[in-house]
Amino acid sequence: MTYDESLRPGEIVLEHASRAFSVRADRGRTLKEMLIGRKRAGGPAPVQAMRDVSLRIEPGETVGMVGRNGAGKSSSLRVLAGIVPLNSGRVGCGGQVVSQLELGAGFGRDFSGRENIFLNGALHGLVKEQIEERLEAIIAFSELGDFIEAPVATYSSGMFLRLGFAIAAHLDADVLLIDEVLAVGDEAFQRKCEARIAEQIAAGATLVLVSHDASLIERTCRRLVVLDGGRKVFDGPVAEGMPFYHRLMGTAEPVASS
Amino acid sequence: MAHRYLFEQMVRRELRQKYRGSALGVLWYLINPLVLMGAYYLMFGVIFDQASEPDYPLFLLVGLVVWVFFNQAVMSAAPSLLDQGVLIRKARFPREIIPASVVSVQLVTFLALIALLAPITIAIRGTLDVALLLLPFVLACLFAFILGLAFAVSILHAYFRDVAPILSAALLPWFFLSPIFFRPQSITEQATARFVLEWVNPIAPYIGAIRDVIYGGVVPSAPQLTYVVVMAAVVLAGGHRLFRRLQGELAVVV
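Respectively, the protein sequence lines represent chains A and B. Here our numbering is used: the first residue of the first sequence is 1, the next is one more, and so on. Here our numbering is used: the first residue of the second sequence is 1001, the next is one more, and so on.
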């Protein structure tokens, strides 16, 4: 149930991983419940987001993860990122793990873009000098120009996400966990993001990409994992996995080619 | 300490965000306690002057400044994990940094107030003594004690949202039962009551020890010093352990 940090950089292991979430509007428990020692009756039963999932990914692999809404894709990424613990099983990612789960989340809105780069870098365990080394590249990548000195509160949503991606893309990841965030900015910027991810893969990073965009997965991943109802139902080459996925989804039409 | 830089950034964030857009900015951190101290000084030092202690206003202010630190730190630590929920859901970093940075910001305020108050008190009272050398040590113990409480309170509040309201209700009577306006021995002859006021209230020995050093110019009693050290160690270790045990589900509950 603990997060294993002894793996080789870029290696990912999930063993018999299971995780359930209780579905409640108010997420905290009240003291009364604790003192009475029982949970509120009624409400939906816990959702089993991952059921006995085992997965071993070698350094440098590129893995796409697909499935219906609620199949457990995002939960798997959060578990891999070490943000949510498992109920049972083992999980671990080796080396620097960079998760692009909520780009720009946690930006201090009154801080300038530049200050947020430092805060976000620090959040991922970087020290001042390491961030300074990357500062120019991040600013250039974000295409924010002079806006980098303006408070983030004044940014458009596109600028916000661009800065978020630019930071995450320059953290020297051994493992990249990406969740549906490539719809960042305009088409030109999206291409730039894809190119940047390809660069990181070429440099040896492991990629786990969750997306509903089949053609994006075909372009960037070699291996496909299909999840359904929290279970792994397919694990293999993308070429074989995509037809399986489309049959599962009931969309038998041929895969859109890029 | 790979995350020292993150801690530094979080402290800055805390300092900047709380009073954003206000003309006085971080000065509010000093103004609030100063106003509170001024009000209590007026109330109990002038209007209801008991005059049981010489230079009563100074007696009162030294105790009050310790209480304000305790009160502010605990009350701002309680909701801190919920406030930073987005960061907790986004990245993996030691969650202790959040309450620790909140308490550290309050520590800075507290030290500024002490730096203001101590020289005045020592000059007026003429209490410059080698005992003063104990001050940094006692303050460090106080910080450890409050940090331990902050760990416990913040993690408990993340799971049980009643914790902060209960605390804010408890802190008011607690304030009047603490030896800020009086010495326990000067308001009661009863041994049990004195014992309770002096030793059951965990903040009382800290107030007593700091007052001994600054206002009294004497070394605190051995039992008091022992209490201050042992309580700091126990609360810090216990609070941190509780935090560690409960922090797993944080990203789910905040």
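Derived from the structure by calculation, the hints contain no laboratory data. From the three backbone atoms N, C-alpha and C, an ideal C-beta is built for every residue, glycine too. Please note that the accuracy of each hint is not assured.
Stated by the list, open to error - Some chain A residues judged to face chain B by a derived CB distance under 10 Å, without partners named:
1. I83
2. G94
3. G95
4. A122
5. H212
6. D213
7. L216
8. E218
Which earlier hints turn out false for this structure, listed by number in ascending order?
2, 3, 5, 6, 7 and 8
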